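Engineer: Reading the sequence shown from the start, the letters are residues 0 to 80 in numbering that gives the first Met the number 0.
What the hints contain is simulated information worked out from the structure, not anything from laboratory work.
All of these numbers come straight from a predicted model, not from anything done at the bench.
Glycine included, each C-beta is placed from N, C-alpha and C at the ideal position.
It is possible that some hints are incorrect.
[Claimed, not checked] Simulated DEER-style distance windows between Cβ atoms:
1. 24 x 54: 15 to 21 Å
2. 39 x 10: 29 to 35 Å
3. 69 x 25: 15 to 21 Å
4. 22 x 70: 28 to 34 Å
5. 69 x 24: 28 to 34 Å
6. 56 x 25: 21 to 27 Å
7. 14 x 44: 31 to 37 Å
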Amino acid sequence: MSRILVVDDSPVERRVMGGLLGTNSDWTVEFAGDGAEALDRCLEHEPDLVVTDFNMPTMDGLQLLNKLRQRHPRVPVIIAT
């Protein structure tokens, strides 16, 4: 089963993306409200894919991408706005 991490500061956007991705029974969808929380989740268990918003407080999507590349260079990342 593939693990997808959705990162967005908007609960509505997280629900929408989770609803779309959650229709595939082969995927487990998890959520983070910002980049820092996403990094913590990635330390717990490396995702197979990260889908992140670009504009977020604390750590934006590009900063998250850069940090993920350092720690998890093989994890694909999709940045959405």
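Engineer: Next, verify each hint and record whether it holds.
Structural biologist: Against the structure, the hints:
1. 24 x 54: 15 to 21 Å: Roughly 31 Å apart at Cβ, these two residues miss the hinted range, so it is violated.
2. 39 x 10: 29 to 35 Å: violated, 18 Å
3. 69 x 25: 15 to 21 Å: Given about 29 Å between the Cβ atoms, the range is violated.
4. 22 x 70: 28 to 34 Å: With Cβ atoms ~30 Å apart, the hint holds.
5. 69 x 24: 28 to 34 Å: The hinted range 28 to 34 Å holds for residue 69 and residue 24, with Cβ atoms some 33 Å apart.
6. 56 x 25: 21 to 27 Å: violated, 33 Å
7. 14 x 44: 31 to 37 Å: Violated, at about 22 Å.
Figure legend: structure checked against the earlier numbered hints; hints not met, in rising order: 1, 2, 3, 6 and 7.
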